[in-house]
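Visitor: So you can see what is in the structure, the chains are spelled out below.
Number of protein chains: 4
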Amino acid sequence: MSGGSPTPHAPLRLGMVGGGAGAFIGAVHRIAARLDGEFQLVAGALSSTPEKSRASAEALGIARAYDDYLAMAKGEARRKDGIDAVAIVTPNHMHAGPAIEFLKRGIHVICDKPLTATMAEARKLAKVASTADALFVLTHNYTGYPMIRQARAMVAAGEIGRLRLVQVEYVQDWLTEAAEKAGSKQAEWRTDPERSGAGGATGDIGTHAYNLACFVSGLTPEALAADLSIFVPGRALDDNAHVLLRFEGGARGMLWASQVAPGNENGLRLRLYGDKGGLEWAQEDPNYLWHAPFGEPRRRITRNGAGAGPEAGRVSRIPPGHPEGYLEGFANIYAEAARAIRAHRKGEPAPEDVVFPTLADGLAGMRFVEACVQSSRRNAGWVTL
Amino acid sequence: MSGGSPTPHAPLRLGMVGGGAGAFIGAVHRIAARLDGEFQLVAGALSSTPEKSRASAEALGIARAYDDYLAMAKGEARRKDGIDAVAIVTPNHMHAGPAIEFLKRGIHVICDKPLTATMAEARKLAKVASTADALFVLTHNYTGYPMIRQARAMVAAGEIGRLRLVQVEYVQDWLTEAAEKAGSKQAEWRTDPERSGAGGATGDIGTHAYNLACFVSGLTPEALAADLSIFVPGRALDDNAHVLLRFEGGARGMLWASQVAPGNENGLRLRLYGDKGGLEWAQEDPNYLWHAPFGEPRRRITRNGAGAGPEAGRVSRIPPGHPEGYLEGFANIYAEAARAIRAHRKGEPAPEDVVFPTLADGLAGMRFVEACVQSSRRNAGWVTL
Amino acid sequence: MSGGSPTPHAPLRLGMVGGGAGAFIGAVHRIAARLDGEFQLVAGALSSTPEKSRASAEALGIARAYDDYLAMAKGEARRKDGIDAVAIVTPNHMHAGPAIEFLKRGIHVICDKPLTATMAEARKLAKVASTADALFVLTHNYTGYPMIRQARAMVAAGEIGRLRLVQVEYVQDWLTEAAEKAGSKQAEWRTDPERSGAGGATGDIGTHAYNLACFVSGLTPEALAADLSIFVPGRALDDNAHVLLRFEGGARGMLWASQVAPGNENGLRLRLYGDKGGLEWAQEDPNYLWHAPFGEPRRRITRNGAGAGPEAGRVSRIPPGHPEGYLEGFANIYAEAARAIRAHRKGEPAPEDVVFPTLADGLAGMRFVEACVQSSRRNAGWVTL
Amino acid sequence: MSGGSPTPHAPLRLGMVGGGAGAFIGAVHRIAARLDGEFQLVAGALSSTPEKSRASAEALGIARAYDDYLAMAKGEARRKDGIDAVAIVTPNHMHAGPAIEFLKRGIHVICDKPLTATMAEARKLAKVASTADALFVLTHNYTGYPMIRQARAMVAAGEIGRLRLVQVEYVQDWLTEAAEKAGSKQAEWRTDPERSGAGGATGDIGTHAYNLACFVSGLTPEALAADLSIFVPGRALDDNAHVLLRFEGGARGMLWASQVAPGNENGLRLRLYGDKGGLEWAQEDPNYLWHAPFGEPRRRITRNGAGAGPEAGRVSRIPPGHPEGYLEGFANIYAEAARAIRAHRKGEPAPEDVVFPTLADGLAGMRFVEACVQSSRRNAGWVTL
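Chains as they are written, first to last, in the UniProt record's numbering: chain A, 1 to 385; chain B, 1 to 385; chain C, 1 to 385; chain D, 1 to 385.
Hints should not be assumed to be uniformly reliable.
Each pair may be met inside one copy or between any two copies, as identical chains are not told apart.
[Claimed, not checked] SDA-like cross-link-like pairs, simulated, lysine to any residue; straight-line CA separation at most 20 angstroms:
#1 K276 with A187
#2 K185 with R269
#3 K276 with R300
#4 K276 with R299
#5 K185 with G295
In short, the hints are calculated from the structure, not lab data.
Construct the complete structure from the given sequences, taking the supplied hints into account.
Guide: As structure tokens, then:
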């Protein structure tokens with residue numbers, strides 16, 4: 001990473017739970033983990049059956065294949081060269097179980113979002129984590145984008161003044177039709193309350209939008225009012241969420257999460273306005289941050305380019321004009337985790353500039369989903385967060 | 001206009017109420033009225049005092065200057081060569097009075113939006129209009145954009161299927177600071193409940209967004225929940241509105257109107273999604289309509305270009321790639337009005353393809369503002385429309 | 001226009017040569033002439049035969065129809081209320097003849113581009129114009145765009161430093177196939193050397209690009225090397241031009257004009273780079289000018305918005321965010337002409353800030369076409385301008 | 001990679017020449033090599049002195065550090081577990097030497113572009129390569145972008161018809177001022193004829209543009225005419241190149257390479273037009289390909305999205321809407337190389353769908369630079385390619 005001198009350390013040892021053949025997010029985690037050479041994947045319990053797990057591990061060239069996560073947690077904890085960290089990339093209902101087992105054994109956890117399928121699981125996990133001698137990192141990966149770091153730094157520095165408005169949306173179209181009935185494994189579990197939890201679009205992408213809005217704005221949400229919809233007949237979970245937000249200090253916002261808006265792929269977009277200026281960013285064009293100081297022309301700050309500060313530069317790898325993307329942003333979460341883990345090894349706190357989403361963010365996301373569902377049941381009445 | 005053969009008719013005679021020196025919208029109406037050669041401005045009561053009115057009329061080369069609108073209504077009604085129509089471009093509280101006087105005398109009215117400052121005035125005006133032998137045209141000018149006509153035709157033809165989502169926003173920044181205390185006449189009356197009515201951003205631009213969403217979608221709104229804010233201290237009317245919408249038939253929407261979002265000038269943006277596709281349009285780049293049939297690449301339809309139909313072509317003047325803008329869209333309202341007025345002269349109904357916003361739209365806009373205020377007072381509870 | 005107080009003058013009287021039924025540019029001139037209320041079209045010789053001319057005039061409601069331009073020049077010159085100016089909107093080979101007849105009689109000429117079909121005609125016209133007591137205005141209309149005025153002012157003020165690079169292109173697709181054989185009148189005369197002159201794309205749109213580059217940069221072209229192509233079989237004139245440019249003082253440039261580039265409508269785009277910054281503008285999105293001071297983020301200056309100066313504001317009519325387009329830019333040429341004509345009436349020079357393309361620009365354009373053809377015949381060898 | 005099942009192979013062993021501390025492109029190669037887990041970096045001669053080389057290797061955790069490339073070639077060739085391939089990431093004048101030494105010993109070479117500093121070196125290298133039992137891969141990395149593969153496939157399939165126009169540009173601004181005198185190592189060697197060769201912008205980025213145009217169009221260039229400039233005083237090599245291109249079969253093109261255009265970072269942009277349609281792509285927004293079938297609206301094809309074919313999908317890793325960037329495109333070159341190397345191991349030809357730039361591309365690039373320089377010396381006369 002630019003600015004930082006490479007260090008002569010060996011890669012950290014990583015295990016993975018979930019992410020076998022056909023899984024989308026497992027492959028992403030694997031690339032993210034190795035992109036900066038910080039992690040080496042050496043152990044896995046990748047599928048729901050021992051056979052599939054072993055086959056997947058072999059296919060991926062992973063040294064140590066386990067039948068299941070418990071065997072892996074126990075096995076690795078016993079080894080001298082056991083894994084430093086585990087990536088949990090299963091459907092939501094399978095987050096808490098493994099996370100607890102690894103945390104209990106002092107193995108750091110890098111877990112996909114949302115935190116869990118249910119609030120009960122989330123609380124249980126939180127309790128274990130609070131006493132564990134291991135880190136918990138939640139891959140709200142969009143916080144890893146350099147221009148998101150830039151935006152956060154600018155807000156914190158007061159460059160857009162006192163915040164008034166937070167407009168965030170995450171818009172997709174892949175569930176416009178009943179993909180869950182047409183053989184899409186991704187669609188199946190993501191629309192299944194047993195595996196996903198109480199939120200559909202809310203949980204799957206709404207939590208990302210919510211997390212990003214909070215991460216960049218630094219604001220504390222106070223209450224929300226949500227109008228959740230199920231547009232595709234037969235679906236059990238919301239595929240569209242319209243949410244009003246109120247923040248401490250008086251800022252207000254809107255959050256829109258949809259999986260039924262044709263023409264949108266991963267339209268995560270954040271717009272923040274204060275009394276001195278505005279910031280706008282879109283995930284599909286992530287190397288730019290638009291800054292409009294009130295009364296001046298809007299300017300385009302480019303990643304690592306003129307106007308971008310050290311917070312963006314530190315998590316950039318290449319010069320401006322050469323686009324970095326989703327995988328690089330995701331890898332930044334892993335790189336931050338690596339820095340924290342290495343510090344932890346030495347009994348030190350993570351370096352001050354290390355930033356990653358934590359269990360607290362995960363709980364906030366769970367509360368967001370829960371509140372959306374509550375509000376929607378009460379006809380979009382306000383629910384305190 | 002393309003497709004239509006020019007006709008050898010003389011321009012219609014137009015009068016104007018309001019629009020004297022310093023007014024923004026008066027000049028817009030004048031250009032819109034003459035752009036297609038359909039109207040000639042021959043009479044005016046342009047300002048609040050007889051002296052200013054006459055001076056403004058003289059400066060603009062208007063033949064017949066009146067002291068006030070009543071004198072003008074009476075005077076013109078008496079003349080053989082009296083005006084065919086009057087443009088009312090005063091602040092909101094001064095719409096109903098003149099509109100009623102002209103309508104009563106059979107003079108067509110082209111009135112700026114919102115309809116009036118109060119619902120009481122609106123009802124009174126509606127009553128008069130219902131029995132008058134004259135047309136009432138409300139300049140929700142954005143409905144005049146060719147690609148808005150295109151979008152409307154595509155929705156009506158079922159090209160995006162059954163509608164699910166209506167996302168509309170109108171975002172500005174000019175009231176980010178207290179311009180009304182810094183000498184801006186525009187800001188003064190627009191933030192003054194006496195002159196604007198109960199809505200701030202809601203009335204000034206929210207009504208445009210609301211009207212446009214309904215115009216294009218063809219949907220009937222059922223209820224709304226609104227969270228209105230006043231961010232600039234000392235202001236009496238909302239400068240930001242967050243609104244949830246529900247439509248008959250199950251579609252849902254969000255409407256955002258803001259005058260305090262730095263970096264936004266006239267960010268009116270409409271996005272519609274159905275079960276077969278999506279449409280997206282932005283006023284600041286109005287010559288394009290984005291159409292995403294579900295499962296296909298999104299395509300850019302250009303005004304008068306490939307893929308654009310007769311509804312757009314009829315209100316276009318020049319080839320694609322040569323941008324038309326706000327004034328042309330505004331002029332289309334006048335051109336439609338002219339067609340209707342000419343038909344009325346012959347005792348005929350307006351041609352079937354003539355489209356313009358009417359008193360019903362104005363009442364709907366008033367109800368929108370009223371409902372927003374009611375809802376916001378009830379902590380964003382739902383209000384039936 | 002913003003900033004300027006409206007004056008109580010009557011419209012100037014305008015005649016038109018050409019522009020009958022089916023002509024594209026005639027309708028544009030008529031709208032441009034009346035948009036600001038500066039001209040009233042009162043006389044015309046609109047078509048190639050007396051019958052058609054009269055029919056067109058009647059259809060357009062033009063008071064005085066003439067059989068041909070000579071009759072009109074003579075007739076109007078005799079009248080006390082004769083036309084102040086004439087718009088010549090015929091194909092290129094019919095520019096010089098009428099222009100000379102009107103100029104000779106002291107009637108101002110507003111002529112479409114390119115100046116003429118042949119250099120001989122151009123010289124003849126120039127000779128007459130040099131002694132005529134009348135103005136000659138060439139409608140290189142793109143110079144009327146506010147952000148082009150803004151760019152020109154910024155270059156002149158040194159804001160991008162010493163100029164190094166001028167990249168200009170005007171790209172269309174409408175002649176990708178042999179439209180001239182498929183009944184398109186526009187295509188017929190524009191691909192016909194008898195009516196268009198020696199240049200195809202070069203003359204029709206290359207001259208616009210060339211003029212715009214010179215207008216904004218203020219540079220004097222020194223030499224060019226051109227590679228002209230005819231891609232559509234059977235066509236007599238170039239439909240694509242690749243041109244290298246050298247300017248006095250050392251700046252260099254590229255000009256690309258094409259009518260066979262599918263997906264492009266009127267892609268006129270200008271990019272200028274100096275040792276202190278860059279400017280970029282595109283006609284299809286004309287309300288923005290991109291300014292990149294070297295080493296700083298690029299910024300978007302909007303018409304009439306923050307960062308735009310008086311040169312843009314003077315020729316703008318409405319607030320930023322409300323797009324103006326092609327017709328407004330074209331109308332600015334007419335508005336400038338009106339100011340110059342009114343000054344001429346009083347025996348005064350045009351106001352200092354009046355800017356419009358003149359006969360000198362027309363001659364430069366003719367020389368550009370001639371040089372392109374010469375260069376291309378010599379295998380893209382350099383030709384001094 | 002999507003569509004392909006992961007295989008249980010161990011990573012290939014990679015060495016690196018150059019790429020020590022402070023080098024930009026070395027870090028890029030390292031990430032690209034490991035991104036898909038296809039290569040493991042195990043040996044290096046990373047700097048110009050033995051001391052620096054060893055320090056860099058240690059800092060990067062590279063197992064086997066060598067004093068220089070010759071020692072490395074010899075040493076690795078002797079080892080049973082010697083490297084499979086070497087990445088050469090030195091300045092241009094240091095490409096041929098190491099490439100020859102490794103090729104001679106049957107070690108595959110992955111070399112940065114341009115091929116060499118001089119044509120003589122290039123020929124020498126080509127001679128060695130032609131008889132070596134090892135592959136030579138040139139990292140014209142932009143050919144690795146999925147949407148470039150998509151464009152190439154569409155052209156090959158005739159989707160835009162017979163090609164007429166190839167417009168390509170690569171525009172930067174980082175040499176607008178004399179960075180080479182201000183301490184930039186990158187600028188120093190890139191503006192130094194001893195280390196870069198005869199081309200400045202021409203060699204550094206012009207070769208990329210030229211290669212990309214040929215790669216996608218499939219056309220064979222026939223001749224060029226180049227106008228090279230040095231705008232920054234004291235510079236020895238061109239910092240701007242204006243080039244006209246002619247291709248076999250009659251297509252023509254323009255190529256613009258500049259390092260002095262403020263506001264441009266890595267503006268590599270390719271536009272191709274045939275008699276049936278057009279394609280447009282920009283490196284700074286690489287996940288989209290614009291396709292305009294003549295007479296239809298232009299459409300935006302997204303990487304891995306609707307309308308994208310297997311050629312793009314095969315080199316994509318993640319779903320559409322999640323942007324991939326420069327590093328992923330670069331990694332695709334490495335992944336293709338890995339597939340070819342693995343096939344070579346088995347004595348098989350590379351799979352048919354494997355595509356990477358070769359020595360022939362390198363020679364073509366060298367000839368491009370040479371021809372540009374020749375042409376420019378002859379005042380932009382045509383030079384046959």
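Visitor: Checking each numbered hint in turn, tell me which of them this model violates, lowest number first.
Guide: 2
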